[in-house]
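Participant: Hey, can you work out the whole structure from these sequences and the hints?
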Amino acid sequence: MKNGQLQMFEGNEVMILTKEDVSFGFKGDFLIRAKDVSAALDYERVENVIKLCKSDQVFKVKNSDFANTAKTKLNNTGESFFTNLALNRVLGKSEMPNAEPFQDWLFEEVLPSIQKTGTYGIVTNAPSYMIDNPIERAKRWIQEREETELLQTNNLILEQVVAEYTPKVTYFDTILNAKDAILISQIASDYDLTPQKLNKILNEEKVQHKLNGQWLLLKKHLHQGYTKSETHHYKDSLGVDQTKMNTKWTQKGRLFIHSILEKLEIKPAMDKFNEVNI
1 MKNGQLQMFE
11 GNEVMILTKE
21 DVSFGFKGDF
31 LIRAKDVSAA
41 LDYERVENVI
51 KLCKSDQVFK
61 VKNSDFANTA
71 KTKLNNTGES
81 FFTNLALNRV
91 LGKSEMPNAE
101 PFQDWLFEEV
111 LPSIQKTGTY
121 GIVTNAPSYM
131 IDNPIERAKR
141 WIQEREETEL
151 LQTNNLILEQ
161 VVAEYTPKVT
171 YFDTILNAKD
181 AILISQIASD
191 YDLTPQKLNK
201 ILNEEKVQHK
211 LNGQWLLLKK
221 HLHQGYTKSE
231 THHYKDSLGV
241 DQTKMNTKWT
251 QKGRLFIHSI
261 LEKLEIKPAM
271 DKFNEVNI
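FYI, UniProt numbering numbers position 246 of the sequence shown as 246, with every residue one higher than the one before it.
To be clear, the hints were calculated from the coordinates, so they are not data collected in a lab.
Be a bit skeptical, because a hint or two may be false.
Here are the simulated lysine to any residue pairs, SDA-like style, with alpha carbons at most 20 angstroms apart [stated by the list, open to error]:
{"hint": "1", "residue 1": "Lys267", "residue 2": "Ser189"}
{"hint": "2", "residue 1": "Lys27", "residue 2": "Asn154"}
{"hint": "3", "residue 1": "Lys200", "residue 2": "Leu222"}
{"hint": "4", "residue 1": "Lys248", "residue 2": "Gln186"}
{"hint": "5", "residue 1": "Lys244", "residue 2": "Tyr234"}
{"hint": "6", "residue 1": "Lys219", "residue 2": "Leu151"}
{"hint": "7", "residue 1": "Lys235", "residue 2": "Gly25"}
{"hint": "8", "residue 1": "Lys235", "residue 2": "Leu85"}
{"hint": "9", "residue 1": "Lys263", "residue 2": "His221"}
{"hint": "10", "residue 1": "Lys228", "residue 2": "Lys248"}
{"hint": "11", "residue 1": "Lys60", "residue 2": "Gly28"}
{"hint": "12", "residue 1": "Lys54", "residue 2": "Phe24"}
{"hint": "13", "residue 1": "Lys200", "residue 2": "Phe256"}
{"hint": "14", "residue 1": "Lys219", "residue 2": "Pro97"}
{"hint": "15", "residue 1": "Lys219", "residue 2": "Ser189"}
{"hint": "16", "residue 1": "Lys19", "residue 2": "Glu95"}
{"hint": "17", "residue 1": "Lys27", "residue 2": "Cys53"}
{"hint": "18", "residue 1": "Lys228", "residue 2": "Leu183"}
{"hint": "19", "residue 1": "Lys197", "residue 2": "Ile266"}
{"hint": "20", "residue 1": "Lys206", "residue 2": "Leu151"}
{"hint": "21", "residue 1": "Lys19", "residue 2": "Leu238"}
{"hint": "22", "residue 1": "Lys27", "residue 2": "Ser55"}
{"hint": "23", "residue 1": "Lys27", "residue 2": "Arg89"}
{"hint": "24", "residue 1": "Lys27", "residue 2": "Glu79"}
{"hint": "25", "residue 1": "Lys60", "residue 2": "Thr18"}
{"hint": "26", "residue 1": "Lys27", "residue 2": "Asp236"}
{"hint": "27", "residue 1": "Lys206", "residue 2": "His221"}
{"hint": "28", "residue 1": "Lys35", "residue 2": "Ser55"}
{"hint": "29", "residue 1": "Lys228", "residue 2": "Gly239"}
{"hint": "30", "residue 1": "Lys200", "residue 2": "Ser259"}
{"hint": "31", "residue 1": "Lys73", "residue 2": "Gln7"}
Taking CB as the label site, the calculated pair distances span [unchecked claim]:
{"hint": "32", "residue 1": "Ser55", "residue 2": "Leu238", "range": "26 to 32 angstroms"}
{"hint": "33", "residue 1": "Asp180", "residue 2": "Ala138", "range": "44 to 50 angstroms"}
{"hint": "34", "residue 1": "Pro195", "residue 2": "Arg45", "range": "41 to 47 angstroms"}
Each residue gets a CB set at the ideal place from its N, CA and C atoms; glycine is no exception.
Facilitator: This is the structure in structure tokens:
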């Protein structure tokens, strides 16, 4: 990518910069211009978007920061950009109606097309179909599959996080959600189950499915306020950026799990103890 990738979302220009576009380093895969995100989400002021980001993920980019001579000029004083890590946070916290369509457009249309050209993220090698050596071609094909699966996982994680910030709230839900969310391991211990066993039950009961080692809710259970998740970004042993999600269950979600286990005649350890001691 040469000095940024300009895209259009519903008539709004969106500039994306990769690490090869700028002369400074940053955590994450790309930078996106703050004012473009603000316009796409229909915020009145760009500051309303920037305040949702962590300060160390926001950068003032000037024309002098471009790695090569820029064809697209920024304002002389520079313009604010933030990382894709901050973008995840913005989309998760934003209550604007355009947040989900913008997320879908960016992660399903724009970034895959950039990735295909070998300019997004870690994809800097030739595509597999251009490699003559059969062994290297097979390795590259496997890498492409893994990168595609990772992108799909990130999309689903973002979808779940956005859904969790917009649950259907009732008075009863408000009371339940006022209490702390807990890990699946804590719920499992209440039933004398292992976390693995409880996750398997929830999978068999069509509550969640496993993708790339992470349990994600099925679409029909999103927007119900069952979970609260935190995304953790890290680099693996090969230095590749990875995303892991830690999911906690709200009290509403805990009651939902209880109803499933009750149907399967799996009782909490406390209830079984009380029955024995009656």
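Participant: Taking the hints in turn, state whether each one holds.
Facilitator: Tested hints:
1. Among the hinted pairs, lysine 267 with serine 189 is consistent with the structure: their alpha-carbon atoms are about 12 angstroms apart, no more than 20 angstroms.
2. At roughly 16 angstroms between alpha-carbon atoms, lysine 27 and asparagine 154 fall within 20 angstroms of each other, so this suggested pair holds.
3. Straight-line distance between C-alpha atoms of lysine 200 and leucine 222 comes to about 19 angstroms, which keeps the hinted pair within the 20 angstroms bound.
4. The straight-line distance between the Cα atoms of lysine 248 and glutamine 186 is roughly 10 angstroms, inside the 20 angstroms bound, and the hint therefore holds.
5. A C-alpha spacing of about 8 angstroms is found between lysine 244 and tyrosine 234, which places the hinted pair at or below 20 angstroms, so the restraint holds.
6. Simply put, lysine 219 and leucine 151 have alpha-carbon atoms about 18 angstroms apart, close enough for the 20 angstroms limit, and the pair holds.
7. Proposed proximity of lysine 235 and glycine 25 is supported: the alpha carbons are some 15 angstroms apart, at most 20 angstroms.
8. With a CA separation close to 13 angstroms, the supplied pair lysine 235 and leucine 85 stays within the 20 angstroms bound.
9. Proposed proximity of lysine 263 and histidine 221 is supported: the alpha carbons are some 18 angstroms apart, at most 20 angstroms.
10. Of the supplied pair hints, the one linking lysine 228 and lysine 248 holds, its CA atoms being roughly 5 angstroms apart against a limit of 20 angstroms.
11. A hinted pair counts as satisfied when its Cα atoms are at most 20 angstroms apart, and lysine 60 with glycine 28 qualifies at roughly 16 angstroms.
12. For the proposed pair lysine 54 and phenylalanine 24, the alpha carbon gap of about 18 angstroms is at most 20 angstroms, so the pair holds.
13. Straight-line distance between C-alpha atoms of lysine 200 and phenylalanine 256 comes to about 16 angstroms, which keeps the hinted pair within the 20 angstroms bound.
14. Our distance criterion of 20 angstroms between C-alpha atoms is met by lysine 219 and proline 97, whose separation comes to about 19 angstroms.
15. Pair hint lysine 219 plus serine 189 does not hold up; C-alpha atoms about 27 angstroms apart against a cutoff of 20 angstroms.
16. A threshold of 20 angstroms between alpha carbons decides the hint, and for lysine 19 with glutamate 95 the separation of about 30 angstroms lies outside it, so the pair is violated.
17. Between lysine 27 and cysteine 53, the direct Cα distance comes to roughly 14 angstroms. Compliance with the 20 angstroms bound is thereby established for this hinted pair.
18. Under the criterion of a C-alpha separation no larger than 20 angstroms, the hint pairing lysine 228 with leucine 183 is consistent with the structure, at around 10 angstroms.
19. With a CA separation close to 12 angstroms, the supplied pair lysine 197 and isoleucine 266 stays within the 20 angstroms bound.
20. Our distance criterion of 20 angstroms between C-alpha atoms is broken by lysine 206 and leucine 151, whose separation comes to about 23 angstroms.
21. Simply put, lysine 19 and leucine 238 have alpha-carbon atoms about 18 angstroms apart, close enough for the 20 angstroms limit, and the pair holds.
22. Distance check on the hinted pair: lysine 27 and serine 55 sit about 13 angstroms apart at the alpha-carbon level, within 20 angstroms; holds.
23. The hinted pair formed by lysine 27 and arginine 89 meets the criterion: a straight-line CA distance of about 14 angstroms does not exceed 20 angstroms.
24. Taken as a hint, the lysine 27 and glutamate 79 pair is honoured in the structure, with Cα atoms around 18 angstroms apart against an allowance of 20 angstroms.
25. Under the criterion of a C-alpha separation no larger than 20 angstroms, the hint pairing lysine 60 with threonine 18 is consistent with the structure, at around 15 angstroms.
26. About 14 angstroms separates the Cα atoms of lysine 27 and aspartate 236, which keeps this hinted pair within 20 angstroms; it holds.
27. Of the supplied pair hints, the one linking lysine 206 and histidine 221 holds, its CA atoms being roughly 9 angstroms apart against a limit of 20 angstroms.
28. A C-alpha spacing of about 16 angstroms is found between lysine 35 and serine 55, which places the hinted pair at or below 20 angstroms, so the restraint holds.
29. Of the supplied pair hints, the one linking lysine 228 and glycine 239 is violated, its CA atoms being roughly 28 angstroms apart against a limit of 20 angstroms.
30. A C-alpha spacing of about 16 angstroms is found between lysine 200 and serine 259, which places the hinted pair at or below 20 angstroms, so the restraint holds.
31. Pair hint lysine 73 plus glutamine 7 holds up; C-alpha atoms about 15 angstroms apart against a cutoff of 20 angstroms.
32. Remark: the range hint 26 to 32 angstroms for serine 55 to leucine 238 is upheld by a beta-carbon distance near 29 angstroms.
33. Separation of aspartate 180 from alanine 138 is about 48 angstroms and conforms to the stated range, judged on CB atoms against 44 to 50 angstroms.
34. Our hint of 41 to 47 angstroms for proline 195 and arginine 45 holds, since their Cβ atoms are close to 44 angstroms apart.
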